[in-house]
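Colleague: Residues per chain are reported as follows:
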Amino acid sequence: MVCKVADYIVFRPNFDEATIHSDMFSQLIVDHLTSQGDDFIDLRAEDATPAKGVQALKDHPEAMFIFFDHGDERSLIAQDRTPVIDLDNRELLYGRETFTLACLAGKILLYEVWRGGGLACYGSVEIVSFTTDAKKEFGEAFTFAWFQRYQEKEWPEVLVETKRRILELRDHLTGQGRLLAASCMQSYHDSLVCYDGGSDPPEPTTCPGRMTVLWLCDLLHIDRKWAWKLPGRSTFETKIIVFK
Amino acid sequence: MSAERIIINAIKAEARIRPDEKIFFGPLSYTFKEFAGMLNDRRLPRRERKLVKTHLKTLMRMFETSETYRKQVLSFSGD
Chain D
10 MVCKVADYIV
20 FRPNFDEATI
30 HSDMFSQLIV
40 DHLTSQGDDF
50 IDLRAEDATP
60 AKGVQALKDH
70 PEAMFIFFDH
80 GDERSLIAQD
90 RTPVIDLDNR
100 ELLYGRETFT
110 LACLAGKILL
120 YEVWRGGGLA
130 CYGSVEIVSF
140 TTDAKKEFGE
150 AFTFAWFQRY
160 QEKEWPEVLV
170 ETKRRILELR
180 DHLTGQGRLL
190 AASCMQSYHD
200 SLVCYDGGSD
210 PPEPTTCPGR
220 MTVLWLCDLL
230 HIDRKWAWKL
240 PGRSTFETKI
250 IVFK
Chain Y
4 MSAERIIINA
14 IKAEARIRPD
24 EKIFFGPLSY
34 TFKEFAGMLN
44 DRRLPRRERK
54 LVKTHLKTLM
64 RMFETSETYR
74 KQVLSFSGD
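Chains as they are written, first to last, in my numbering: chain D, 10 to 253; chain Y, 4 to 82.
By construction, these hints were calculated from the structure, which means they are not laboratory data. Using N, Cα and C, we set each Cβ at its ideal position, and we do this for glycine too. Treat the hints with care, as some may be off.
Stated by the list, open to error - In silico negatives: residues of chain Y with every beta carbon more than 10 Å from chain D:
(1) 7
(2) 21
(3) 24
(4) 41
(5) 67
(6) 81
Stated by the list, open to error - Ranges of calculated distance between the beta carbons of each label pair, as one might list FRET restraints:
(7) Y:49 with D:100: 29 to 39 Å
(8) D:126 with Y:63: 55 to 65 Å
(9) Y:7 with D:54: 33 to 43 Å
(10) Y:19 with D:166: 20 to 30 Å
(11) D:100 with Y:23: 43 to 53 Å
(12) D:176 with Y:50: 23 to 33 Å
(13) Y:78 with D:47: 41 to 51 Å
(14) Y:50 with D:238: 19 to 29 Å
(15) Y:23 with D:166: 32 to 42 Å
(16) D:209 with Y:23: 16 to 26 Å
(17) Y:78 with D:97: 45 to 55 Å
All chains, full assembly: derive it from the sequences and hints.
Modeller: Below, the structure is given as C-alpha cells:
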C-alpha cells in the first residue's frame with residue numbers, strides 16, 4: 010500500500026504536567042493544519058514513541074518535523090522518555106525543516122542537524138520557561154514562527170518577525186503587571202535560534218578535549234557526534250536540570 | 004536598596020496576588036509562591052540554585068534596560 014505523502018509530522022509526547030501545556034500549544038498548529046486540509050501525521054501522547062517517530066520520518070523524508078516538548082542539548086525526547094532523535098540518528102532530519110519547542114536542542118543537536126544537511130532548524134539554546142497565567146500569550150509565542158513559515162515567509166524574516174512579536178507580548182504582559190510571565194517571554198526571545206534563518210552558530214565549546222576531538226572529526230571526516238558524546242560539565246548539568 | 008532586592012520584593016508581591024499560578028522551567032514547575040520563596044533562599048539544592056540564578060539575571064537585565072518593566076517592578080515592590 011502506498012502511503013500518502015504528508016507535508017508535516019507533528020510529534021508531541023504528553024507524559025507530565027509541562028507536556029500537558031505544550032500539548033495545548035501544539036494543538037494550535039494541529040487545528041490549523043486540519044482546518045486547511047493539509048496532509049499531516051499527528052503522533053501524540055502514546056503514539057509519540059521513538060519507533061513511530063522514526064518510521065514516520067523515514068516514510069515522509071521531506072515533511073517538516075514539528076516537535077513539542079522536552080529536549081536536551083543532544084536529543085528530542087519521546088513519550089517513554091527516551092530519545093526519538095539524537096546525535097546517532099539525526100540524519101533523519103536532513104533534507105527537511107525542523108521546528109521545535111524543546112529545551113536546549115538548539116545548542117548542539119539542531120546545529121549538527123543543520124550542518125549535516127537540515128534545511129532549516131528552529132529551536133532554543135536554553136531551557137524554555139513559561140507561566141500558567143499567560144497561556145494564551147505563550148501559545149502564540151511558541152507557535153508564531155511556525156504560522157509565519159506556513160505563510161511561506163523565508164526563515165530569516167520568520168525569525169526577525171517572531172522575535173519582534175515576542176517582545177510585543179513581553180511588553181503587553183509587563184503592562185498588565187505579569188512580571189514573571191514577561192521575564193519568561195524575554196528568556197524565550199533571547200534563546201531562539203534558527204539555523205539557516207540567520208542565527209549565528211552556537212557558542213563554541215570551551216572544553217579543550219572536546220575542541221580537539223571536533224577538530225579531528227572535521228579533519229578526518231568523522232562524525233562529529235563522537236566529540237559531543239564526550240562527557241563534560243555541561244552534560245551533567247543538563248541531566249540534573251532537565252529531568253528529576 | 005539594591006536592584007536585586009527590589010526585584011525580589013516585586014516578585015514576592017506578584018506571588019501574593021497569584022500564589023497558585025505556576026512557572027515552568029522545562030519539566031520543573033513551581034507555584035509563584037514557591038518560586039518567590041526560592042529567590043533569596045541560600046539553602047537551595049544545586050539545580051534550583053542554578054535556575055534561580057539564571058532567571059534573576061534575566062529579571063535584572065530587564066530591570067536595567069526596560070523603563071516600562073522597571074516602573075512596574077518599582078510599583079510592585081512598593082518603592
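Colleague: Give a verdict on every hint.
Modeller: Checked hints:
1. 7: Per Cβ check, residue 7 of chain Y is outside 10 Å of chain D; nearest 14 Å; holds.
2. 21: For residue 21 of chain Y, whose nearest Cβ neighbour in chain D is about 6 Å away, the distance does not exceed 10 Å, so it is violated.
3. 24: For residue 24 of chain Y, whose nearest Cβ neighbour in chain D is about 4 Å away, the distance does not exceed 10 Å, so it is violated.
4. 41: holds, 12 Å
5. 67: holds, 12 Å
6. 81: holds, 14 Å
7. Y:49 with D:100: 29 to 39 Å: For residue 49 of chain Y and residue 100 of chain D the Cβ distance comes to about 36 Å; the hint holds.
8. D:126 with Y:63: 55 to 65 Å: violated, 40 Å
9. Y:7 with D:54: 33 to 43 Å: Taking Cβ atoms as reference, residue 7 of chain Y and residue 54 of chain D lie about 41 Å apart, which means the hint holds.
10. Y:19 with D:166: 20 to 30 Å: 42 Å Cβ-Cβ, so the 20 to 30 Å window is violated.
11. D:100 with Y:23: 43 to 53 Å: Because 45 Å falls inside the window, the suggested range holds.
12. D:176 with Y:50: 23 to 33 Å: holds, 29 Å
13. Y:78 with D:47: 41 to 51 Å: holds, 46 Å
14. Y:50 with D:238: 19 to 29 Å: Between residue 50 of chain Y and residue 238 of chain D, where Cβ atoms are some 23 Å apart, the hint holds.
15. Y:23 with D:166: 32 to 42 Å: Given range 32 to 42 Å: holds, Cβ gap about 40 Å.
16. D:209 with Y:23: 16 to 26 Å: Because 40 Å falls outside the window, the suggested range is violated.
17. Y:78 with D:97: 45 to 55 Å: holds, 51 Å
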